[in-house]
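Chemist: Sequence:
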Amino acid sequence: MALGSNKTVTAEQAKKNARLFHYGNILSIAIPFPLFIFWFGASMFVYALYRHHPNPRVGYYTQKGAYYFYSLAGFLVVILTFAPRVLFEDIRYALLLWGLCALVLIPLSIKEIMQINREDWKDTEYKDNTRNTGNT
Numbered sequence: 001m002a003l004g005s006n007k008t009v010t011a012e013q014a015k016k017n018a019r020l021f022h023y024g025n026i027l028s029i030a031i032p033f034p035l036f037i038f039w040f041g042a043s044m045f046v047y048a049l050y051r052h053h054p055n056p057r058v059g060y061y062t063q064k065g066a067y068y069f070y071s072l073a074g075f076l077v078v079i080l081t082f083a084p085r086v087l088f089e090d091i092r093y094a095l096l097l098w099g100l101c102a103l104v105l106i107p108l109s110i111k112e113i114m115q116i117n118r119e120d121w122k123d124t125e126y127k128d129n130t131r132n133t134g135n136t
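FYI, the numbering for the sequence shown is 1 to 136, going by our numbering.
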């Protein structure tokens, strides 16, 4: 491909990309250890990849998913930093905290996925500014 050639992102690809962050959020809270920690790192890659997607709606939904996840992660850092020792000794408190997090994050992510599915997606054309030298 030449520099500046036009490419197309199909509507189905854009819809799939928009849902990815929300699926990661659900999976990370459904199986919190170790997926919450792994998703914290992987989500930064997904965010960087899709926030400036050629279809601006993909970036919008990725950003909303990031708001939800990073807000929850920040909340957990504050809570667990100043938590009393009993929170770490009694599994019931940890399960309660996990349940509260799931109660917040899962419905928000499902709501966003449903909204993504209802939205009318269109193919997006963009100019490819990468240089292909043929050396692969």
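Mixed in with the good hints, there may be bad ones.
[Said to hold, decoys possible] Straight line, CA to CA, 25 Å or less: simulated PhoX-like cross-link-like pairs of lysine-lysine:
| id | residue 1 | residue 2 |
| --- | --- | --- |
| 1 | Lys122 | Lys16 |
| 2 | Lys7 | Lys122 |
| 3 | Lys15 | Lys127 |
| 4 | Lys122 | Lys111 |
| 5 | Lys111 | Lys15 |
| 6 | Lys111 | Lys16 |
| 7 | Lys111 | Lys7 |
| 8 | Lys111 | Lys64 |
| 9 | Lys64 | Lys15 |
| 10 | Lys15 | Lys122 |
| 11 | Lys16 | Lys64 |
| 12 | Lys7 | Lys127 |
[As the list claims (entries may be wrong)] Cβ-Cβ distance ranges computed for the label pairs, FRET-style:
| id | residue 1 | residue 2 | range |
| --- | --- | --- | --- |
| 13 | Asp123 | Val78 | 41 to 51 Å |
| 14 | Val78 | Pro56 | 16 to 26 Å |
| 15 | Glu12 | Pro107 | 36 to 46 Å |
| 16 | Asp90 | Arg51 | 36 to 46 Å |
| 17 | Asn129 | Glu89 | 53 to 63 Å |
| 18 | Gly74 | Pro34 | 13 to 23 Å |
| 19 | Arg92 | Lys122 | 25 to 35 Å |
| 20 | Tyr60 | Ala83 | 15 to 25 Å |
| 21 | Glu89 | Met114 | 23 to 33 Å |
| 22 | Glu125 | Ile37 | 23 to 33 Å |
| 23 | Lys122 | Val78 | 35 to 45 Å |
| 24 | Ile106 | Gln13 | 39 to 49 Å |
| 25 | Val86 | Glu12 | 29 to 39 Å |
| 26 | Gly99 | Asn129 | 39 to 49 Å |
Hints are computed from structural coordinates only; laboratory data are not their basis.
We put the beta carbon where it would ideally sit given N, CA and C, even for glycine.
Chemist: Within 16 to 26 Å: is that where the Cβ-Cβ distance between Val78 and Pro56 falls?
Modeler: Taking Cβ atoms as reference, Val78 and Pro56 lie about 32 Å apart, which means the hint is violated.
Chemist: Within 13 to 23 Å or not, the Cβ separation of Gly74 and Pro34?
Modeler: holds (19 Å)
Chemist: Holds or violated: Lys16 and Lys64, Cα atoms, limit 25 Å.
Modeler: The given pair, whose Cα atoms are some 15 Å apart, holds under the 25 Å limit.
Chemist: Starting from Lys64, check that the Cα of Lys15 is at most 25 Å away, please.
Modeler: holds (15 Å)
Chemist: Return holds or violated for the Cβ distance of Glu89 and Met114 against the range 23 to 33 Å.
Modeler: Once the Cβ atoms are compared, 39 Å apart, the range 23 to 33 Å for Met114 and Glu89 is violated.
Chemist: Holds or violated: Lys7 with Lys122, Cα cutoff 25 Å?
Modeler: holds (14 Å)
Chemist: Check whether the Cα positions of Lys111 and Lys15 lie no farther apart than 25 Å.
Modeler: Given pair Lys111, Lys15 holds - Cα atoms ~15 Å apart, limit 25 Å.
Chemist: What's the verdict on Lys111 and Lys7, does the C-alpha distance respect the 25 Å limit or exceed it?
Modeler: Violated, because 31 Å separates the two Cα atoms, which is more than 25 Å.
Chemist: State, for the Cβ atoms of Gly99 and Asn129, whether the hinted interval 39 to 49 Å holds or is violated.
Modeler: holds (47 Å)
Chemist: 15 to 25 Å was suggested as the range; check whether the CB atoms of Tyr60 and Ala83 agree with it.
Modeler: For Tyr60 and Ala83 the Cβ distance comes to about 35 Å; the hint is violated.
Chemist: Starting from Lys15, check that the Cα of Lys127 is at most 25 Å away, please.
Modeler: holds (20 Å)
Chemist: Would you say the C-beta atoms of Val86 and Glu12 sit inside 29 to 39 Å of each other?
Modeler: violated (50 Å)
In the structure shown, a violation is registered for the earlier hints numbered 7, 14, 15, 19, 20, 21, 22, 24, 25, in ascending order.
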